[in-house]
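Those protein sequences? They're chains A and B, same order as listed.
Counting in full-length UniProt numbering, the first sequence runs from 1 upward without gaps.
Counting in full-length UniProt numbering, the second sequence runs from 1 upward without gaps.
For chains that are exact copies, the list does not tell them apart, and a pair is met inside one copy or across any two.
Below 27 Å or equal to it, Euclidean Cα-Cα: the simulated DSS-like pairs (lysine-lysine) are:
{"id": "1", "residue 1": "K70", "residue 2": "K518"}
{"id": "2", "residue 1": "K267", "residue 2": "K143"}
{"id": "3", "residue 1": "K433", "residue 2": "K384"}
{"id": "4", "residue 1": "K429", "residue 2": "K404"}
{"id": "5", "residue 1": "K384", "residue 2": "K409"}
{"id": "6", "residue 1": "K546", "residue 2": "K145"}
{"id": "7", "residue 1": "K368", "residue 2": "K384"}
{"id": "8", "residue 1": "K409", "residue 2": "K267"}
{"id": "9", "residue 1": "K409", "residue 2": "K433"}
{"id": "10", "residue 1": "K404", "residue 2": "K384"}
{"id": "11", "residue 1": "K370", "residue 2": "K305"}
{"id": "12", "residue 1": "K433", "residue 2": "K404"}
{"id": "13", "residue 1": "K145", "residue 2": "K96"}
{"id": "14", "residue 1": "K546", "residue 2": "K304"}
{"id": "15", "residue 1": "K145", "residue 2": "K321"}
It should be emphasised that the hints constitute simulated quantities derived from the structure, not laboratory data.
Protein chains: 2
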Amino acid sequence: MAPSFAINGDFPGTRVTPPSHTGRFADVYSEVQNSRIGHALPLPSVLKCPFVIVDGPQSTAAGNPDEIAKLFPNLFGQPSASLVPSDSPPLHSNRKLKLGVVLSGGQAPGGHNVISGIFDYLQDKAEGSTLYGFRGGPAGIMKCKYVELTSDYIYPYRNQGGFDMIRSGRDKIETPEQFKQAEETVQKLDLDGLVVIGGDDSNTNACLLAEHFRSKNMKTRVIGCPKTIDGDLKCKEVPTSFGFDTACKIYAEMIGNVMIDARSTGKYYHFVRLMGRAASHITLECALQTHPNITIIGEEVAAKKMTLKDVTDYIVDIVSKRAEDNYNYGVILIPEGLIDFIPEVQHLIAELNEILAHDTVDEGGLWKKKLTDQSLNLFELLPKAIQEQLMLERDPHGNVQVAKIETEKMLIQMVETELEKRKQQGTYKGGFKGQSHFFGYEGRCGLPTNFDSSYCYALGYGAAALLQFGKTGLISSVCPNALFIYVANLCAPVEEWTVGGTALTSLMDVERRHGKFKPVIKKAMVELDGAPFQKFASLRDEWALKNRYISPGPIQFTGPGSDDISQTLLLELGAQA
Amino acid sequence: MAPSFAINGDFPGTRVTPPSHTGRFADVYSEVQNSRIGHALPLPSVLKCPFVIVDGPQSTAAGNPDEIAKLFPNLFGQPSASLVPSDSPPLHSNRKLKLGVVLSGGQAPGGHNVISGIFDYLQDKAEGSTLYGFRGGPAGIMKCKYVELTSDYIYPYRNQGGFDMIRSGRDKIETPEQFKQAEETVQKLDLDGLVVIGGDDSNTNACLLAEHFRSKNMKTRVIGCPKTIDGDLKCKEVPTSFGFDTACKIYAEMIGNVMIDARSTGKYYHFVRLMGRAASHITLECALQTHPNITIIGEEVAAKKMTLKDVTDYIVDIVSKRAEDNYNYGVILIPEGLIDFIPEVQHLIAELNEILAHDTVDEGGLWKKKLTDQSLNLFELLPKAIQEQLMLERDPHGNVQVAKIETEKMLIQMVETELEKRKQQGTYKGGFKGQSHFFGYEGRCGLPTNFDSSYCYALGYGAAALLQFGKTGLISSVCPNALFIYVANLCAPVEEWTVGGTALTSLMDVERRHGKFKPVIKKAMVELDGAPFQKFASLRDEWALKNRYISPGPIQFTGPGSDDISQTLLLELGAQA
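So that you can see chain A by itself, here it is in the shape it has in the complex (with noise of 0.2 Å):
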């Protein structure tokens, strides 16, 4: 079977010269940077020859479609589109551009791709276009900050991790104020079109700032791209995140090795905490890719409405019966956003914001008569650490932090205690060592395996082309679906992969804020009845009591292993071919 990503320059791929001076960053870039920068990146093939843009059926809205449609008068309901080779493209294909770009939200391994991607389009199909980057996020486009992107600029980063080349930002372009110095900004800036990379949050702006332009007859079209390590950015079309697969990918690396670890010294139960406040599909993904002993999936905890105590004791049980075959060692997987799956603790936490901010807390402890019973309950089983926490750490609004609490410690902590009270009954005679973990920062920047590297490379030509073609308001979409092969860890050929655009406001539906509608992209969350869940749900009990633990090793860019995409895509593109 053909590789799928160029490899050794045996694939006519992208592979760019390097600019005559080579100064900035032949001293400060590793070897295997260094090495990356000139890796040749494949294309789907309908963009490398003549191609037009079909349109498919009319499209809706994922719920209430007629608050979107009263939102989106200009937008709603227009078709997706899918590029198709065709040997008479239409004139304007060819014409210049002037576009921007935005990073937006929390960073992701491609990013740089996506902003190659659009890059070498205007450069190999409308010569003579300019592109500029916005600095800093949408704040950028506020402020009107940019810097043009040049061959020379975008060189060292080709195939890196990190957004510094123009860096991110968090802010959001929300009010009218800032709808109109956006205008301003993309005005005088004369842009025919604008590309949002970010999450849900980020796609739904670029869909009101494309719907903004629009109904003031403005020329500049807005595509965005799906960016989240989080992965809960995905539907039919859009199949996956871009930087899910290289994040996962780093954090088992060490979840494997922690493993290896663990099995070698046979005393520690390693908690590991993963990045992933919404939605559960980085701990979802690693267990697959590392058969760990125990995995919390956060949206089974929701849907089985699980409380605290459940979910210690399900950790506990195990954790017992694999004593009684000596095992006192395992891993332990758990995501960032556990607590926000349990309703008890969201109950604890609103009664406590209440209490905290109208009376005073007494040392004495009279102030938790407040609390109803059950939250009095659950408050009462927390270590002491996690009470404190609860009541000393506080936003600027004077609300707990939930994000700060340490859940894989205080799972420890609980979990410890409950083994103690069963020692003493003696239906329990293992020994109990917790070490915890969080792995988060470390795989946002990391350098982006091949498939994101491609993926991205394409999402970004793939926008370009999109406003080539004067489209708006759709989200790059590339699939590599078109002819899946379920062989090994492989989906098809780059070659092979189709490119379009999805109407943002078919991913949209509604939520209530402050008595007003307002259009949101949901979160995907893990489909307990999808692939991927299936899956591990049909394992688990085995890699509970079994070791069946996978080290999946570093991040490989040559050779065996290299070009692996997620076991999460795997199972749902298989599961829909």
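Mind docking chain B on chain A? Use the hints.
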């Protein structure tokens, strides 16, 4: 230039044939793990032809030779040994052997390859020999728990991380009864030799065993192997301990990722604590690989007699200066053992242990009057959470658990407090957000790099050769500096490495414990006038204010960077050359 290691079979390395049944690991190994099993290992050329062993001059001890001579009457002064090619090796050089091997102490990548090396030597040069692996560390010797290591048994562990083949343990063979048990075991198994794979303590223990067996005219010889990720077991003839290379590269990958994240976000200071309690080699090596803004080296802190306040001020000064350039982010490396290097902290802890053992601690804080002024000042300087940790977390003997103090979090709080002060004084106008990390367990069981794979294999192969020739009380020493080529990050090709054994007594000094002299192999600390520290010291001011981050990326097993050796080894070999 010829590559140093066998890649893609272009080098006549040792590539083993898989056993007929591959069931055990085929379904539990990742693609990368699987590919590493088949990685061909080169051998120093002296090990590939007939050789003899040539003794060097008489040795002495690292300190107090008279006392070492008394403690090792049979072994003291013995020469180090070198393997040299010979057309007429002695007759005994292919006699069958019965050997044992044991892994002692914490994991380090490459341990399995030492065992493979011993095994393959026996297969290649002493057909019909037997190798026993003692299970669970030195306790396995005392309890005579072992497994016979066969070709099939060893196969799946080739080039794999971890110590899970036979596990390790931290027990020591110390008392006369324990020596007796060891004696019985080696007699029962009729061992010609024993290889002890471990750190400084374990190698001291190996030498005591060698002395004991020799004093009883037993035939069992003992050879040590230098293992520890901390890199603090080394001398001129033993240029590095195995595992250091891999562990540092794993940590450097993560530090590099965090650096790109810091630069992309522009708002976090990442405080990274790194393993290495006694010496700061890991921190120094990671600094040389990644160029962080601030690096604290414990040995320098001790030499300069810095206080905790001094360390804090050093960090705060750089953070303030960076803020003037609008850099409100950065990366700071801290060795795990930092506070062990600060005398005032040691005094405080000693006083606390005394007070907590004998007095009651009153809520009002009257107990603090028992502290000396210096200790009281320090205590009051510490963040509240650390104060509580010092008072509450005790080991089974009631002592403060220094190892549990999260130094990186402590420093974040102290830096925060000091910056707040400066802000109020108007001398600091930046923004500061600290993020803490601890990189430790992730590095101990990773897949060994090409360097560690080859180095360990040669160490094991050489250890068996030394036993074959009747040597005892030596540590296997493999030197990559025979023909040092100071080009790129390469040491001499494996073929040109020298192989031999260094008298363990020559590494020893004595310490006075319980009124008796005890032999110890002194830990090799970071030398402030050594080449690695000097290079770091010459560059750190530039790294502090400019951003010279290097992101090494994930360890590659083929292609660019895959044959790099550690900066520490490179610089130390370079200084010698």
